[in-house]
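Asks: Spelled out from the first residue to the last, the chains are:
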Amino acid sequence: MLELRGIIDAIWSFIVGLLAGLGIPQWAIELVGYALIAVVMFGVVAVIVLFLVWWERKVSAKMQDRLGPMRVGWHGIIQTIADAIKLLQKEDITPKAIDFPIHFWAPVVTFVAAFMVYVTVPFGKGLIVSDLSVGVLYIIAITTFTVIGLLMAGWGSNNKYSLLGGFRSAAQVVSYEVPLSLALLGVIMISQTLSLGTIVTQQDNLLKWYVWRQPLGFLIFWIAATAECNRTPFDLPEADSELVAGFVTEYSGMKFAMFFLAEFVNMFTASVVAVTLFFGGWMSPFGPDFGPSWMWFLGKTMFFVFVLMWFRWTYPRLRVDQLMGFAWKVLLPLAFLNILLTGLGIYLFDGLK
Amino acid sequence: MTEISLTNLTFYILSFCIIAGGIFTVSSRNLFHSAVFLVFTLFSVAGMFVMLNAYLLAAIQVLIYVGAVAMLMIFGVMLTTRLADVRLRHVNEQSWPALAICGFFLAFLVYGLWDTPFTVSGVPMPADTAHALGTLLMTKYVLPFEVVSLLLLAALVGAVVIAKKD
Amino acid sequence: MDQVPIGLNHYLMLSGVLFTVGIFGVLTRRNAIAVLMSTELMFNAANIALVAFSRFVTPAALTGQIVAMFTIIVAAAEATVALAIVLLIYRSFKGINVDRINFMKW
Amino acid sequence: MLQNAWIIPALPLAATVLIIFGTHRNRAVSSGISIAAIVSGFIYAVAILFNVLHDHGPHEFYFKWLDFGSWHLQIGLLIDPLTAVMLLVVTIVSSCVQIYSLGYMHGDPRFSRYFAYISLFSFSMLGLVLSNNFAMIFIFWELVGLTSYLLIGFWFEKKSASDAGKKAFITTRAGDLGFIVGILITLYACGTLNFGEVFTKIETGVFAGGLLTAAGIFLFCGAVGKSAQFPLHVWLPDAMEGPTPVSALIHAATMVAAGVYLVARILTIYIASESAGMVVAVIGITTSFMAASIGLVQNDIKRVLAYSTVSQLGYMIMALGLGAYTAGTFHLMTHAFFKALLFLAAGSVIHAVHTNDMQEMGGLGKKMKITALTMFIASFSIAGIFPLSGFWSKDEIVASTSGHPIFMVLTLMVAFMTAFYMFRLCFLTFTGGPRDQHKFDHAHESPKTMTVPLMVLAFLAIFAGWVGIPWLSHGFSSFVYHGEPHHAAFHFDIAGISLFVGLSGIGLAYLMYYKGTISPDKVAARFRPLYTLLYNKYYFDEIYDAIFVQPLYAICDFWFWFDQHIIDGLVNGAATLTLWWSIAKNWFDVYIIDGAVNGAGYTIRGTGSILRFAQTGRLQNYALIIFAGVILIWFLR
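Chains as they are written, first to last, in this note's numbering: chain P, 1 to 353; chain E, 1 to 166; chain V, 1 to 106; chain H, 1 to 637.
Hints in this document: simulated from the structure, not taken from any laboratory.
Small disclaimer: the values here were computed from a predicted structure and weren't measured.
Check the hints yourself; a few may be wrong.
Selected chain H positions facing chain V (in silico; Cβ < 10 angstroms) [said to hold, decoys possible]: (1) THR616; (2) GLY629; (3) ILE633; (4) PHE635.
The list that follows gives simulated cross-link-like pairs (lysine to aspartate or glutamate, EDC-like), each with its CA atoms no further than 20 angstroms apart [stated by the list, open to error]: (5) LYS165/E to ASP131/P; (6) LYS366/H to GLU445/H; (7) LYS164/E to GLU91/P; (8) LYS164/E to ASP99/V.
Just so it is clear, CB atoms sit at the ideal spot from N, CA and C, and this is done for glycine as well.
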């Protein structure tokens, strides 16, 4: 039906043909191709994120029994675009005492790293830029760049609140990355692959979703991912009631917008990973070819984004020591337990796959 | 052979990034800048690994070096340095002799490596090295693997013991 | 640009340059953390060489990649302990300049 | 059914563990658990009684516990009529006392702990009763002693209570030393500790003669300590420092009966060895007479009862010593009920007036009708008035002395004194006018949890003895017996005499303390030396202090002096010698040896002070030199 792969292939061959017809050398064509893909990916994710920002505001409004943005467009649907334009127009205030290069590059690193994940995300049947053989590891690795960005922001602002925010963020993300990676290991052990595309195709109906075999793993992953995104109840790096606004205190205008968008991209990423590894990705629950795959993907992902928003308006924020204690004393042993159980399960029911 | 292959281009760009990043890391006055350049260099090295078909290693490089080691470095910098630290000298008094000796070493190295014909195997690299690496780690190299895991545990405990306040 | 296909020698050269840069840092930087960073550069230089050998000399055996992997892990362990020591030094000496820590003499 | 009798002691043990480790913060749950455990035990004990009524024969269930080469220790159950009766007595009294304690201990800060201890005691006592060998009985024997110690010293903030606990513990330990010696003799002679096997050895004549007599006397030492017989009786009156329900349970009805139980259990030994049996009987009657005479003049209500207990235990021991197995155990059972009742009633009185001194009570019968009524029932029972329980059991004991005129006379005198002091107690407490108006005004009847157990026990104090009515075809004597069941005929003469003696004791008490016809003070004045002797309990505590405690102090002082002067002198002398020798050697060391060593050292230091400038202590200097050296070697290769 509505599979996009065909359309994209058609456009791609048209462009390549056009460029080759113009006598442009092969390497330049490849370069342009990559650039085009990057731009398209960026566009897709950016649109999704703009939608998410609006949605978050609507969801929080619903949960607090108010209306949220209503004025710009139908139920305020283009409010975010208006906001983005406003932010772009605003003056970019750079405080005097900052470490300028660090301060300048921090949002860029965060922003770029957030988007780099999407190289290996299967959006739908065939809709994947590059199905890396180390896809899962790639995602885990790239997401750590976000922290570098936050640390740079914290340091570069030369502000003690920002610095504290940076510290907290680094400690938190590094700590939660350990149970997160270990939780994903369960799925990897069962699926015998690191490639996201293969993992998705293995879960070709509702019963084969890995969440049924990895309930504990999913739980650990989801908690850790919430922490990785710096979302409530783990939003200590930017806890506005404690640290003003954490590492974004000294940012304004476009740079602030980049941090803001990166946060939403990360949120989307967490949901994407959850969906891909545990809930069958773009596979429909009823078999491989039931409805457009990208619709399934988006639907599932949006549900998990909604869960994240739901968390935010449900749970209070943790204390720092509770946060670290929880990661090292609860999640980590549980993750080890999960690996042991998975190994045992594979050993006992070999050929479970 | 007048066409520029994309592989060659990438190699030179990455080499430039690595070496420039390394030099900045070593020479930057601001320690935090050093750390950021270190991250940059390490990331470029990961890119180099991709060029060498070592995808798993590239991912590990990013995960461990960027995600853990560099983070630790930045942490260390943040804990031990203040932004406004004005340092009179960031290098010690032996920098000139050291530069001379290093230059000599580099010249010697380049001289030695420039035209050495290594016996290069023509066998192409297997596409999916991750699987093979995993198998090797669990079979042929299982002892070093276990030793390394023990080492990590020891380092973990050791670091906690050393750094904790009495 | 001369169109020589990129081979083993290129990678080894790159490795050598990076190693030299690293060792220069180790020999000259006064800050202990900077010294540690320089050692990381040296580790990376070695890794590039190892992986390059693995790629070009024994592509099927993967030995170089295995060793590089171990190097990375050991480097991580080393960084952990070394930074712990640096923190300890910072607490005891109120600074982490390497040339101030010269009590092991006479 | 029978082989699962271990459940009875296991229930209170489980209750103890649960209370200590789980529910000790919740008073209601703790006491509930404890009471539920003992009441379930009671129900089970009733079931066992019916089983045993059906089939008397000793039922034994055991398994090996420890192997010591040729012989082994057992853990096992022995169930015969005696066991069944004891189980019933212990569980009934324990249940009543625990329910009573709900009221009596109400508001105590260590309420839960109290119930844990009581349950632990029930476990030990039941285990003791069920044991099938000497080793196991000894273990439970000591556990019983421990719980007794814990409960006497339950209010350990009071120095007198903690002292009494220690006194009880140490005094009974003296008896237990004899007990364990007796056990070892038995083990040496028989090579086994199982009761049945030991008795077989005695019957076949393997275990006989002086060894058997010695074993009997030493084993009896344990009973002397635990049952507070002369001369180790001194701890029991002091043990009244514990909570009154504890006194009723442990120091009147059950634990002190353990000694009697032990003698009954191993009665074969005393029947086989006449002389050992005679020792037992003499000790018993001596204790009985002595304690009864002390009881005449005491003013502390609980002490009167304590001496009464000692006296009645002496009765039982005497009866057993004379071979009257049925009489002794029968009295043990009835005594348990009415003595527990007496103590609980006394506890009720104390609860009401907050004093132990009878001289401060009086006239309480009007205010505490149930307590007074039950107390009078118990007193009539202990005085042996027809047709209450005490009449039947005491009658059998008197009958058992029929071959020994001296014993009979003393027994009747004790009966007279018992009747007298019991009614002295009752009249002083419940009749006449109040002697302390303030306390009288505050007195009130105790709550239901306390009076209901009183009524249950009063019922038993009246009717429990009826199972032993001699002309009953299947009475107590055809159930609990040693050897052949003996159907003692009812001796009208003996019954008449003892009834007359009891009534005359009551009459005297009535005249002295109710009517006031004879003034007690005048009697006391007339027999001043005797009164003083009795009032001071024959000076036993003082004599023990003079004989044992003071000489011990003297010996300790001597050895302390010896230590200080002789041993320390030797040690110090050796030290002084060593010191002088060391000084001499020191001189040699400093000037000769060190001279040589320092000479070498100075040389090396001189060299080092020149060479040390090469050592900058800077890591990077060293690294640079090493690196340069490596390149140099490579280059020159």
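Asks: It remains to establish, for every hint, whether it holds in the given structure.
Replies: Cross-check of the supplied hints:
With a cut of 10 angstroms, the hint placing THR616/H at the interface with chain V holds, because the nearest CB-to-CB distance is about 6 angstroms. For GLY629/H, the interface hint is violated, the least distance from its beta-carbon to any beta-carbon of chain V being 13 angstroms, above 10 angstroms. Hint status for ILE633/H relative to chain V: violated, with the closest Cβ pair at about 16 angstroms, above 10 angstroms. Evaluation of the PHE635/H hint against chain V yields a violated restraint, the C-beta minimum of about 16 angstroms exceeding 10 angstroms.
A distance of roughly 47 angstroms separates the Cα atoms of LYS165/E and ASP131/P; the hinted pair therefore is violated under the 20 angstroms criterion. Note on LYS366/H and GLU445/H: the hinted pairing holds, with a Cα-Cα distance of about 10 angstroms set against a maximum of 20 angstroms. Proximity of LYS164/E to GLU91/P is assessed by CA-CA distance (about 45 angstroms); at most 20 angstroms being required, the pair is judged violated. The straight-line distance between the Cα atoms of LYS164/E and ASP99/V is roughly 24 angstroms, outside the 20 angstroms bound, and the hint therefore fails.
Of the numbered hints listed earlier, those contradicted by the structure are 2, 3, 4, 5, 7, 8.
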